[in-house]
Amino acid sequence: MPHDHDHGDHDNHLDPMDARVRALETILVRKGLIDPAAVDAIIDTYANKVGPRNGAQVVARAWTDPEFAAWLARDATAAIADMGFTGRQGEHMQAVFNTPDQHNVIVCTLCSCYPWSVLGLPPVWYKSPAYRARVVIEPRAVLAEFGLTLPVSTRIRVWDSTAELRYLVVPMRPEGTEGMDLTALADLVTREAMVGTGLPRLPA
Amino acid sequence: MNGPHDLGGRMGFGPIPLEADEPIFHADWEARALGITLTCGALGHWTLDESRHARESLPPAVYYSASYYEIWERALEALLLRHALVTEDELARGQAAAGEAHPRRLPAARVPAVLASGGPTDRPVATPARFQPGDRVRARLMHPKTHTRMPGYLTGRPGVIEADRGGFVLPDSNAHGGGENPERLYTVVFEAARVWGQGAEPGVTISADLWESYLEPA
Chain A
1 MPHDHDHGDH
11 DNHLDPMDAR
21 VRALETILVR
31 KGLIDPAAVD
41 AIIDTYANKV
51 GPRNGAQVVA
61 RAWTDPEFAA
71 WLARDATAAI
81 ADMGFTGRQG
91 EHMQAVFNTP
101 DQHNVIVCTL
111 CSCYPWSVLG
121 LPPVWYKSPA
131 YRARVVIEPR
141 AVLAEFGLTL
151 PVSTRIRVWD
161 STAELRYLVV
171 PMRPEGTEGM
181 DLTALADLVT
191 REAMVGTGLP
201 RLPA
Chain B
205 MNGPHDLGGR
215 MGFGPIPLEA
225 DEPIFHADWE
235 ARALGITLTC
245 GALGHWTLDE
255 SRHARESLPP
265 AVYYSASYYE
275 IWERALEALL
285 LRHALVTEDE
295 LARGQAAAGE
305 AHPRRLPAAR
315 VPAVLASGGP
325 TDRPVATPAR
335 FQPGDRVRAR
345 LMHPKTHTRM
355 PGYLTGRPGV
365 IEADRGGFVL
375 PDSNAHGGGE
385 NPERLYTVVF
395 EAARVWGQGA
405 EPGVTISADL
415 WESYLEPA
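Residue numbers (the numbering used here), protein chains in the order written: chain A, 1 to 204; chain B, 205 to 422.
It should be emphasised that the hints constitute simulated quantities derived from the structure, not laboratory data.
C-beta atoms are modelled at their ideal positions from N, C-alpha and C, and glycine is treated no differently.
One thing to keep in mind: the hints can contain errors.
Stated by the list, open to error - Here are a few chain A residues that sit away from chain B, every Cβ distance over 12 Å (derived from the structure):
| hint | residue |
| --- | --- |
| 1 | Ala37 |
| 2 | Pro129 |
| 3 | Thr183 |
Claimed, not checked - Simulated restraints, written as ranges between beta carbons of each label pair:
| hint | chain 1 | residue 1 | chain 2 | residue 2 | range |
| --- | --- | --- | --- | --- | --- |
| 4 | A | Gly147 | B | Phe217 | 34 to 42 Å |
| 5 | B | Arg297 | A | Thr99 | 52 to 60 Å |
| 6 | B | Gln336 | A | Thr183 | 41 to 49 Å |
| 7 | B | Ala301 | A | Glu67 | 42 to 50 Å |
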């Protein structure tokens with residue numbers, strides 16, 4: 001029930017979804033269908049452990065280790081698992097590499113499929129009807145809203161995640177990053193760069 | 205089904221809702237909705253394909269006005285009712301009598317292993333590949349009333365096979381209790397101009413991963 005326990009977020013008490021989800025969880029726990037501690041553990045995983053820093057480490061390693069990059073291109077699931085990133089919504093991975101000629105962008109027009117094991121949970125924009133509807137018909141206009149304007153000579157490939165393959169964009173390594181270590185390189189790799197709606201940050 | 209979820213190419217949804225420093229969850233209930241959806245999925249009464257179908261079966265007005273996690277929560281209620289795990293009365297009252305633990309209730313200790321292993325959907329397929337990379341194909345013109353992963357904007361369009369991904373569970377069957385019926389999956393590339401016609405943005409290709417029965421030679 002809404003007032004039985006305090007999760008410390010007062011605003012949520014005004015939200016009908018808050019009451020609805022609490023009621024459903026109460027029913028499920030009472031009926032022996034779920035363990036609330038398992039719910040806590042799932043939330044902790046995606047709030048604190050699995051997120052876009054995973055993918056950034058994969059990209060930084062691909063930038064610095066040609067053998068790893070070749071493995072990532074050939075068998076992304078195995079190459080990414082080698083770094084310890086496996087599991088739900090990352091069972092079948094494909095890495096797609098940006099080049100000067102082709103820029104890659106990922107979407108799931110039918111739901112919001114996203115490579116959780118390397119990027120964590122998807123942001124609101126990725127799940128929005130606007131992104132899912134528009135990026136396949138006007139990708140250049142959509143990228144411009146993200147502040148990314150590509151030359152007309154750069155082809156755009158939009159990957160619609162209609163099956164269980166999950167895609168990770170490997171952006172091009174920015175100039176001026178020679179000699180930077182893996183940690184510093186990974187810090188340049190944003191979530192948007194790995195979905196294809198952005199580019200890596202430039203070194204300070 | 206070409207329900208409210210089948211969004212590719214639709215117009216009128218406005219600008220992309222960008223948010224600086226976006227939190228992982230916007231409210232506590234979103235996190236709980238994620239957690240209870242995954243723990244209920246672990247009970248094994250339905251497949252991921254069936255849960256996708258439950259989400260896309262929400263009435264369009266509900267689907268478009270609901271956030272992602274609200275869609276998940278509403279679909280979860282529908283699945284729990286369909287599989288007789290909860291009753292309408294329990295949902296209406298927000299209460300239920302105590303029951304014994306389900307034999308497949310997910311214990312917290314198993315969560316890391318379950319999330320780390322996931323649920324691979326690749327399956328062996330004995331039949332030879334009908335298509336080879338480079339083959340010209342057409343996404344079949346099809347509008348099934350049941351679950352499919354053929355997007356409406358690609359049905360009937362010509363494309364080229366780029367890769368044979370091997371066998372995968374067929375969602376069209378698996379979503380409705382019809383078994384996995386694995387089929388070969390292909391990455392198919394479409395020229396934007398052949399999908400959208402006049403006015404398509406220049407230099408754009410779109411790919412989708414489509415099952416063998418979704419395709420025909422062109």
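query = Where does the structure disagree with the numbered hints, that is, which hint numbers, in rising order?
reply = 1, 2, 4 and 7
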